[in-house]
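Here is how the chains run, residue by residue.
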Amino acid sequence: MIKSIVLIGMLISILLSFIFSLDDSKKHLNTSSKDYYISNSLEETGSKNIVTGIYLDYRLFDSLFEAAILLISVSGIIFMSKKDDEVL
Amino acid sequence: MDLIPIYLIFIPILTSITIYIFHNRYINYSIFICQGVLTFLSLWYYTSFDEKVTKTLAFGGWSREIDIVLKNDRLSLLFIIFTIFIWWIILIYCWNKRKYDHRFLFFLSFLQGSFLGLLQTNDLFNLFVFIEIATIISSILILYKKDGYSVRAGLYYLLFNSVGMLCYLIGLIFLYNVMGTLNMDVIGERIVSLRGTNSIRLAYIFMMSAIGVKSAFFPVYNWLPKAHSAAPSSISALLSGLLVKSGLYAFVRLNTMYGIESFSEFFFLLGFFTALSGAIFAISQKDIKQILAFSTISQIGLIVMGLSNLDGNAFYGSIFHILNHAIFKCLLFLGAGLIINTYSKRRVTEIRGVFKTMPLTSIFMIVGVLSITGAPLFNGFISKSIIKYGLNEVPYKIYMFNILNLSTSIALIKLSQIFFGEPHEKKYNYFCENISMSLLAVMCFVLGIFFIPLGQLLHVDLGFINLFTPWAWISYLITLVIAYFIYLFFVHRELPIIKKIRHIHISFGAANSLLVFFLFIMIMWKFIDT
Amino acid sequence: MNPILSFIVVLIGIYGLCTSKNLIKSIICLNIVQTAVILLFLNFANFSGSDIPIIFKNIENPTDPLPQALMITAIVIGASITALSLMLCIKIFHYYGTLNWKELIEREG
Chain Z
1 MIKSIVLIGM LISILLSFIF SLDDSKKHLN TSSKDYYISN SLEETGSKNI VTGIYLDYRL
61 FDSLFEAAIL LISVSGIIFM SKKDDEVL
Chain B
1 MDLIPIYLIF IPILTSITIY IFHNRYINYS IFICQGVLTF LSLWYYTSFD EKVTKTLAFG
61 GWSREIDIVL KNDRLSLLFI IFTIFIWWII LIYCWNKRKY DHRFLFFLSF LQGSFLGLLQ
121 TNDLFNLFVF IEIATIISSI LILYKKDGYS VRAGLYYLLF NSVGMLCYLI GLIFLYNVMG
181 TLNMDVIGER IVSLRGTNSI RLAYIFMMSA IGVKSAFFPV YNWLPKAHSA APSSISALLS
241 GLLVKSGLYA FVRLNTMYGI ESFSEFFFLL GFFTALSGAI FAISQKDIKQ ILAFSTISQI
301 GLIVMGLSNL DGNAFYGSIF HILNHAIFKC LLFLGAGLII NTYSKRRVTE IRGVFKTMPL
361 TSIFMIVGVL SITGAPLFNG FISKSIIKYG LNEVPYKIYM FNILNLSTSI ALIKLSQIFF
421 GEPHEKKYNY FCENISMSLL AVMCFVLGIF FIPLGQLLHV DLGFINLFTP WAWISYLITL
481 VIAYFIYLFF VHRELPIIKK IRHIHISFGA ANSLLVFFLF IMIMWKFIDT
Chain A
1 MNPILSFIVV LIGIYGLCTS KNLIKSIICL NIVQTAVILL FLNFANFSGS DIPIIFKNIE
61 NPTDPLPQAL MITAIVIGAS ITALSLMLCI KIFHYYGTLN WKELIEREG
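Chains as they are written, first to last, in the numbering used here: chain Z, 1 to 88; chain B, 1 to 530; chain A, 1 to 109.
Rather than coming from a laboratory, the hints here were simulated on the basis of the structure.
Since the model is a prediction, treat every value here as computed from it, not as a measurement.
Glycine is no exception: its CB is placed at the ideal position from the N, C-alpha and C atoms.
Heads up, a few of these hints could be off.
Below, computed lysine to any residue pairings styled on SDA-like, alpha-carbon distance capped at 20 Å [what the hints assert, rightly or not]:
hint	chain 1	residue 1	chain 2	residue 2
1	Z	K34	A	S48
2	A	K102	B	I506
3	B	K388	B	A510
4	Z	K3	A	G16
5	Z	K83	A	K91
6	Z	K48	A	Q68
7	Z	K27	B	S193
8	Z	K3	B	S507
9	Z	K34	B	K388
10	Z	K27	A	S48
11	Z	K83	A	C89
12	Z	K3	B	A510
13	Z	K34	B	N309
14	Z	K82	A	Y96
15	Z	K34	A	C89
Derived CB-CB ranges, DEER-like [claimed, not checked]:
hint	chain 1	residue 1	chain 2	residue 2	range
16	Z	E44	B	D311	39 to 47 Å
17	Z	G46	B	T256	21 to 29 Å
18	A	R107	Z	L71	46 to 54 Å
Start from the sequences and build out the full structure, keeping to the hints where you can.
The structure is reproduced here in structure tokens:
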């Protein structure tokens with residue numbers, strides 16, 4: 001009982017500090033990336049959907065390794081499910 | 001020549017996919033070709049570096065603030081060369097057993113490619129993706145033996161590290177909201193005027209708690225002993241030597257980017273508690289791999305004590321200690337693997353007579369034990385003296401340091417009782433394994449004597465360390481004698497409190513509560529400091 | 001207001017992770033935290049009176065497209081971690097016959 005009260009107390013204090021910092025961050029917003037993407041993405045990537053342009057052209061390196069994560073996790077699941085392999 | 005960073009990432013990945021597609025035993029030898037090409041490319045790239053220059057490779061030639069950039073400076077290049085060296089050692093060690101196991105070589109080589117990518121990236125979200133790949137692959141490699149203990153340890157490791165990286169994402173969106181970009185160099189320039197504000201400090205707290213989970217700081221290190229003692233021996237050596245240091249590398253990079261100075265005292269105290277609790281748990285364990293895993297936590301605490309202020313002698317001493325610790329911890333884990341294989345027992349109190357059964361292996365392990373306790377002529381002494389010299393301003397810090405050295409010696413004396421006694425009847429022939437261990441022992445010895453050229457690599461003047469003063473030898477012998485007496489009177493007699501410490505188990509829910517507690521004390525420190 | 005609500009869902013998920021005694025419940029709470037973090041990212045990008053970030057003729061105030069692209073990657077990473085950990089749950093149930101955290105951690109070796 002005491003443990004859950006202490007835990008809820010700590011979580012509420014994290015929430016309060018989040019609310020303070022959120023109010024503080026509204027004074028210092030910086031939107032330079034957003035303006036660059038909106039004004040230049042049609043000429044540089046050729047797609048009208050800006051999110052697709054970012055995911056497949058500006059940040060292709062991330063998307064490549066996300067596909068690698070899919071490869072790794074599927075091969076890990078196949079490896080785990082084999083029963084008659086003698087692994088030393 | 002300019003594209004070498006991309007080759008370093010993609011050559012291991014393509015080799016691993018080739019090995020996985022053809023289930024052929026002759027194609028498995030192509031991993032050696034891949035390692036040789038990587039060694040040649042990294043050494044060639046090193047020779048093209050001038051004094052204190054950083055080379056960047058931008059992926060598209062777009063504007064600097066939205067592009068993914070790979071950056072190499074001297075620190076990352078040192079880590080890259082060490083990574084390729086340790087991967088050679090692990091490959092030679094486990095070649096006998098895993099010649100025909102294409103899945104193991106697939107995962108091992110893929111991990112190398114993604115680790116080399118982690119060391120070079122300059123973009124915050126790219127760092128997150130690379131850390132997640134390393135987490136998933138190493139959790140699959142931990143549970144490679146597929147028995148109950150390994151699967152439990154692997155699952156605990158995977159879940160807990162995923163929770164940690166989610167805290168990293170929360171800090172990332174805060175930082176992006178205020179900074180407007182995700183490039184680490186551009187953030188480092190723009191953050192100078194905003195360092196004291198609440199929002200930057202909260203983003204720092206969330207990111208540092210994620211780095212704390214990844215590199216085993218004080219409240220959140222419970223995944224490490226389970227994972228490192230359940231894994232196969234070569235993977236244990238790899239994890240303890242190198243992959244835990246990826247968290248410390250990210251710690252250095254993020255602290256250089258943020259530049260917040262009010263948390264350096266906090267990390268010094270945190271490092272001390274990590275080291276002390278790791279040593280106390282190490283003294284109470286009986287399993288040989290658990291002693292080594294807890295002593296890893298203790299040495300990481302020592303490294304964080306040096307890394308907490310970002311400049312000066314203690315910082316460079318900690319960077320050297322990261323590399324030295326990789327070498328001798330790999331050596332100890334590989335030796336422990338051979339001992340467990342010969343004796344088929346894991347407890348230190350039951351294994352006897354290693355020196356007469358396997359003389360070559362035990363000589364290498366004695367070299368490892370002498371290095372980790374800081375004997376002169378070996379490399380542990382060099383890095384510990386640099387850290388001690390860097391902490392020289394405040395006297396209570398020197399006392400803390402000496403207590404930690406003493407506790408490390410007690411734990412390693414408990415380990416070294418396996419060398420005495422009668423020989424065992426079974427003897428195996430370990431040719432490849434002894435070759436790899438001999439390479440590591442030679443590196444221990446060489447780095448302990450020729451340390452001045454290594455200092456010139458990082459532009460640090462190391463001429464103040466004198467090997468042959470009698471005070472160095474005498475203080476080491478005094479530490480050993482005091483540690484032996486404490487061991488004889490308290491630890492060897494198996495007091496009941498030691499048994500209670502050994503049986504402390506922290507469940508998954510309690511570990512997550514400790515993560516929340518870690519966030520809470522950092523927020524409290526932020527409020528006390530303003 | 002909206003980022004605060006998604007952060008409350010994150011904290012509810014973390015509370016669930018701290019106090020769940022079953023293995024499957026822990027994995028579901030991990031999924032809740034992952035989904036809530038994705039919601040937090042999207043809430044920081046959005047503001048009232050904004051349009052979709054697609055270039056048509058009369059779009060005035062598009063939202064920020066970068067967090068939305070990053071979250072496509074994060075959704076895939078979360079799904080593959082959930083898949084791998086559920087496979088390991090099946091293996092643990094084959095070996096031990098129980099899915100209780102307390103009984104699994106207390107066993108030695």
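key: Numbers of the earlier hints that this structure fails to satisfy, in rising order   = 3, 9, 13, 15, 17, 18
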